[in-house]
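The listed protein sequences derive, respectively, from chains Z and L.
Our numbering puts the first sequence at residues 96 to 290.
Our numbering puts the second sequence at residues 96 to 290.
Please keep in mind that the hints were generated in silico from the structure rather than gathered at the bench.
Computed from a predicted structure; not experimentally measured.
Some clues are possibly wrong.
Each pair may be met inside one copy or between any two copies, as identical chains are not told apart.
[As the list claims (entries may be wrong)] Within a straight-line C-alpha distance of at most 20 Å, the following computed EDC-like cross-link-like pairs (lysine to aspartate or glutamate) qualify:
hint : residue 1 : residue 2
1    : LYS120    : GLU203
2    : LYS120    : ASP147
3    : LYS238    : GLU286
4    : LYS238    : GLU279
5    : LYS225    : GLU267
6    : LYS228    : GLU279
7    : LYS146    : GLU226
8    : LYS272    : GLU221
9    : LYS228    : GLU286
10   : LYS196    : GLU274
11   : LYS263    : ASP159
12   : LYS196    : GLU286
13   : LYS146    : ASP270
14   : LYS146    : GLU118
15   : LYS263    : GLU118
16   : LYS263    : GLU221
17   : LYS263    : ASP166
18   : LYS263    : GLU203
19   : LYS108    : GLU189
20   : LYS281    : ASP232
There are 2 protein chains.
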Amino acid sequence: MAIRDTGTEQLIKDTAMRIFFAEGKFNATTQDIADAAGVARTVINYYFRSKDALFKLVFKEAMDDTKRRLDEVLLSSMPFKKKVVTFIDVFFIELNKYPYKESFMISEINSQSFVMPDDRHSAALEPFFKEIKQAMDMGEVRKMLPINFVLNLFSLIAYPLLTRPLFKHMLEIPDAKFEQLMQERKKMILELLFI
Amino acid sequence: MAIRDTGTEQLIKDTAMRIFFAEGKFNATTQDIADAAGVARTVINYYFRSKDALFKLVFKEAMDDTKRRLDEVLLSSMPFKKKVVTFIDVFFIELNKYPYKESFMISEINSQSFVMPDDRHSAALEPFFKEIKQAMDMGEVRKMLPINFVLNLFSLIAYPLLTRPLFKHMLEIPDAKFEQLMQERKKMILELLFI
DNA sequence: TATTTGTCTGACTAAAATGTCAAACAAATA
DNA sequence: TATTTGTTTGACATTTTAGTCAGACAAATA
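When you get a sec, could you build the whole thing from the sequences and use the hints?
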């Protein structure tokens, strides 16, 4: 007989993603996930064999998803500056839906058992570097190693959101204020990156 | 009788710090730490009562240590630009000794059980903001919210080191090359922050 | 030296989490 | 409808990890 699609497999993956990336419970157990999904814990073994296998799968799919979303922007035919603006927006939306995703990824990547999937080289990066160089030649952006432009872009967007709880406390600002600050940062980042 | 200082308590703390921050083993067990320190696992209970208590203590001491080191720079009487340069250097040295410390902190802060210690407000921050404003008025740095200047400073330094394994792979660069890139970033960051 | 007392250890207990399996259940199909 | 087969469940077993405790050990000191 063919495989029956009861939606359970997807439900478990979605629930795991929610728990990890939206709720920030990095050390969730299989029981936690099963409870949240409303299924018996053993279905996780049925569909994914082991906890580890589920975790690895969810991680890989999350990485691929992010990559796809960002590549789509990088490979589009927008003019350079508009592309960067869109890139920032997409990044912000992603981090709004899954505030802990980035942090989770970093933990995983930095962990011992982690092995980087082979296909991590983005095909979108190479041509984007060319565009950066062009923009530099045209005096649109400050001259530096194109790699540093990309690093700066990621850094300026992601870091404040990663360390959000720390900074919110250090600077004694409430949620709404922080949100507003982040919106202002979007503009500021552009002004910083472009001349 | 007085407490005998056998150095074991400190040894355990140092070992835990090494395992967490230098080796990146975030999920180390008490057995792992005891083995690495060359003591029986139960001494951890003897000195720290529970695993949780040890973890909390190590975390707090690490936070305090970082804070002290950075505050020292911020409160010094150097001229503004030199202060920022020194700040960047200190940050780099710290992240060189304990590459995973920042990542560990972020995980912890983002975790459920985490409660922020009360005394997190740095007395050094207030006067530093004043200095930033002055530098802006003097046209030394780009005009923006002083808070954004600080966020940018942290972001540009820390993020690439946090995501090091990811970027190293994505960009296919070996260790030495990455190290060199980070050194170049120091200069680039200054050029970006100062006019 | 004898005693006290802080330090350390190994054996045991307890708790938490993962994995296995037989059987129940339900959807497809003969 | 009867049978097949994919799905789901609960009971049980295993593994992993943390905590307790009595006693061994060793440094201080009376």
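Quick rundown of the hints versus the structure:
In this homomeric assembly, LYS120 and GLU203 come within 20 Å of each other (Cα to Cα) both inside a single copy, at 13 Å, and across copies, at 10 Å. In this homomeric assembly, LYS120 and ASP147 come within 20 Å of each other (Cα to Cα) both inside a single copy, at 16 Å, and across copies, at 17 Å. Taking the shortest alpha-carbon separations for LYS238 and GLU286, both the intra-copy value of 14 Å and the inter-copy value of 10 Å come in at or below 20 Å. Taking CA atoms no more than 20 Å apart as the test, LYS238 paired with GLU279 passes between copies only; the shortest distance there is 13 Å, against 24 Å inside one copy.
Proximity of LYS225 and GLU267 under a CA criterion of 20 Å is satisfied inter-copy only: 17 Å between copies versus 42 Å inside one chain copy. Within a single copy, LYS228 and GLU279 get their C-alpha atoms only as close as 27 Å, which misses the 20 Å cut-off; across copies the closest is 18 Å, which meets it. For the identical chains of this complex, LYS146 and GLU226 are neighbours neither inside a copy (43 Å) nor across copies (52 Å), given an alpha-carbon limit of 20 Å. In this assembly of identical chains, LYS272 and GLU221 lie within 20 Å of each other by CA distance solely across copies; the values are 18 Å between and 38 Å within a copy.
For a Cα distance limit of 20 Å, the shortest separation of LYS228 from GLU286 qualifies both inside one copy, at 18 Å, and across copies, at 18 Å. In the homo-oligomer, the alpha carbons of LYS196 and GLU274 lie at most 20 Å apart inside one protomer (18 Å), although the nearest pairing across protomers, at 27 Å, exceeds that limit. Taking the closest pair of Cα atoms, LYS263 and ASP159 come within 20 Å of each other only across two copies (18 Å); inside a single copy the shortest separation is 30 Å, beyond that limit. In this assembly of identical chains, LYS196 and GLU286 lie within 20 Å of each other by CA distance neither inside one copy nor across copies; the values are 27 Å within and 31 Å between.
For the identical chains of this complex, LYS146 and ASP270 are neighbours neither inside a copy (34 Å) nor across copies (33 Å), given an alpha-carbon limit of 20 Å. For the identical chains of this complex, LYS146 and GLU118 are intra-copy neighbours only, at 19 Å inside a copy versus 24 Å across copies, given an alpha-carbon limit of 20 Å. Taking identical chains as interchangeable, the C-alpha atoms of LYS263 and GLU118 lie at most 20 Å apart only when both belong to the same chain, with a minimum of 18 Å there against 29 Å between chains. For the homomeric pair LYS263 and GLU221, the shortest alpha-carbon distance between copies (15 Å) is at most 20 Å, but the shortest distance inside one copy (37 Å) is not.
In this assembly of identical chains, the alpha carbons of LYS263 and ASP166 lie at most 20 Å apart only when taken from different copies (18 Å versus 31 Å within one copy). With identical chains, the CA atoms of LYS263 and GLU203 are at most 20 Å apart between copies only, with a shortest distance of 15 Å across copies and 25 Å within one. For the identical chains of this complex, LYS108 and GLU189 are intra-copy neighbours only, at 18 Å inside a copy versus 38 Å across copies, given an alpha-carbon limit of 20 Å. Taking the shortest alpha-carbon separations for LYS281 and ASP232, neither the intra-copy value of 24 Å nor the inter-copy value of 23 Å comes in at or below 20 Å.
Figure legend: structure checked against the earlier numbered hints; hints not met, in rising order: 7, 12, 13, 20.
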